[in-house]
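Student: Letter by letter, the chains look like this.
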Amino acid sequence: AQTVTQSQPEMSVQEAETVTLSCTYDTSENNYYLFWYKQPPSRQMILVIRQEAYKQQNATENRFSVNFQKAAKSFSLKISDSQLGDTAMYFCAFMRSGGGADGLTFGKGTHLIIQP
Amino acid sequence: DTGVSQNPRHKITKRGQNVTFRCDPISEHNRLYWYRQTLGQGPEFLTYFQNEAQLEKSRLLSDRFSAERPKGSFSTLEIQRTEQGDSAMYLCASRPAGGGAYGYTFGSGTRLTVV
Chain X
66 AQTVTQSQPE MSVQEAETVT LSCTYDTSEN NYYLFWYKQP PSRQMILVIR
116 QEAYKQQNAT ENRFSVNFQK AAKSFSLKIS DSQLGDTAMY FCAFMRSGGG
166 ADGLTFGKGT HLIIQP
Chain W
21 DTGVSQNPRH KITKRGQNVT FRCDPISEHN RLYWYRQTLG QGPEFLTYFQ
71 NEAQLEKSRL LSDRFSAERP KGSFSTLEIQ RTEQGDSAMY LCASRPAGGG
121 AYGYTFGSGT RLTVV
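Chains as they are written, first to last, in this note's numbering: chain X, 66 to 181; chain W, 21 to 135.
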């Protein structure tokens with residue numbers, strides 16, 4: 066079974082600052098996918114960024130980038146030039162390769178607050 | 021494409037009653053998932069459909085929980101004899117065939133309160 070750990074229950078930064086959210090995971094699988102999802106208050110979960118484990122290059126999506134360390138089983142999310150609209154719960158998630166029949170395994174989430 | 025639709029958005033029920041939630045996935049997505057999210061936790065996987073076939077149901081929380089996806093389109097999640105511990109957000113997600121790194125599209129959820 067896989068586990069995902071997010072050790073930061075809450076983080077708060079000033080607008081325009083850079084913030085890094087931590088995520089570690091445990092698995093015996095070699096092929097898998099990792100995701101960061103954003104869940105604004107009372108709104109649906111939105112995919113922020115995804116990473117294939119077989120790719121060494123870290124994924125980047127505009128202001129969002131990851132630091133994927135496969136050997137250390139670490140998958141942190143960096144948000145640059147943070148904006149008020151980034152305020153939300155952020156969940157790290159794991160999915161085994163091979164069809165996804167067992168769904169996503171989520172961490173407990175980090176509540177990110179962007180202060181004006 | 022109107023996204024994943026879930027109804028109702030909120031449901032308040034008395035303990036012991038049965039409830040049913042509906043999920044309409046994105047039309048071209050053949051894979052459908054149900055999750056439960058309790059306060060302060062990440063979503064917890066419950067069950068999975070590929071088309072009309074329920075390929076994973078061992079993670080349903082008890083035999084009071086059941087799900088269907090007739091004709092491989094919309095899905096329903098039913099909870100019988102609700103208990104206060106069933107109070108949570110129930111999320112539906114869909115994903116296209118082809119798998120890989122395609123992310124899931126989530127609905128806005130149904131918030132269940134059992135009183």
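Careful, some of the hints might be misleading.
[Claimed, not checked] One side only, chain W facing chain X, incomplete, derived with CB under 8 Å:
1. G36
2. P63
3. Y68
4. N71
5. F126
[Said to hold, decoys possible] Derived DSS-like pairs (lysine-lysine); straight-line CA-CA distance at most 30 Å:
6. W/K34 x X/K173
7. W/K91 x W/K31
8. X/K143 x X/K120
9. X/K173 x X/K138
10. X/K138 x W/K77
11. X/K120 x X/K138
12. W/K31 x X/K173
13. X/K120 x X/K135
14. W/K77 x X/K173
15. X/K135 x X/K173
16. W/K77 x W/K34
17. W/K77 x W/K31
[What the hints assert, rightly or not] If you want the ones that stay clear, here's a sample from chain X, every Cβ over 10 Å from chain W, calculated:
18. S77
19. V78
20. A81
21. Q109
22. M110
23. Q122
24. A137
25. S141
26. S145
27. A158
28. D167
29. T170
30. K173
Calculated from the structure, these hints are not laboratory results.
As the structure is a computational prediction, the values presented were derived from the model and not from experiment.
Where is the CB? At the ideal position from N, CA and C, for every residue including glycine.
Student: Check the non-interface label on X/V78: least C-beta distance to chain W beyond 10 Å or not.
Tutor: X/V78 clear of chain W: closest Cβ-Cβ about 21 Å, beyond 10 Å.
Student: Mind verifying the non-interface call on X/S141? Its CB should be farther than 10 Å from each CB in chain W.
Tutor: Holds: least Cβ distance 17 Å, greater than 10 Å.
Student: Hey, W/K77 versus W/K31, does the alpha-carbon distance stay inside 30 Å?
Tutor: holds, 24 Å
Student: Run the distance test for X/K173 versus X/K138: straight-line Cα separation, threshold 30 Å.
Tutor: holds, 17 Å
Student: Would X/S77 pass as off the interface with chain W, using Cβ distances and a cut of 10 Å?
Tutor: Holds, because the least Cβ-Cβ distance between X/S77 and chain W comes to about 17 Å, which exceeds 10 Å.
Student: Could you check that no beta carbon of chain W comes within 10 Å of the beta carbon of X/T170?
Tutor: violated, 7 Å
Student: Closest CB-CB distance from X/K173 to chain W, is it above 10 Å?
Tutor: violated, 5 Å
Student: With d taken as the least Cβ-Cβ distance between X/Q109 and chain W, does d exceed 10 Å?
Tutor: violated, 4 Å
Student: Next pair to validate is W/K77 with X/K173; report whether the Cα-Cα distance is within 30 Å.
Tutor: Given that 30 Å is the threshold and the Cα spacing comes to 23 Å, the pair holds.
Student: Close enough to count: is the Cβ of W/P63 nearer than 8 Å to one in chain X?
Tutor: This hint holds: W/P63 lies near chain X, its Cβ roughly 5 Å from the closest one there, short of 8 Å.
Student: Does the CB of W/Y68 sit less than 8 Å away from some CB of chain X?
Tutor: Holds, about 6 Å.
Student: So is X/A158 really clear of chain W, every C-beta pair being over 10 Å apart?
Tutor: violated, 8 Å
In this structure, the hints that do not hold are numbers 1, 4, 21, 22, 27, 28, 29 and 30, in rising order.
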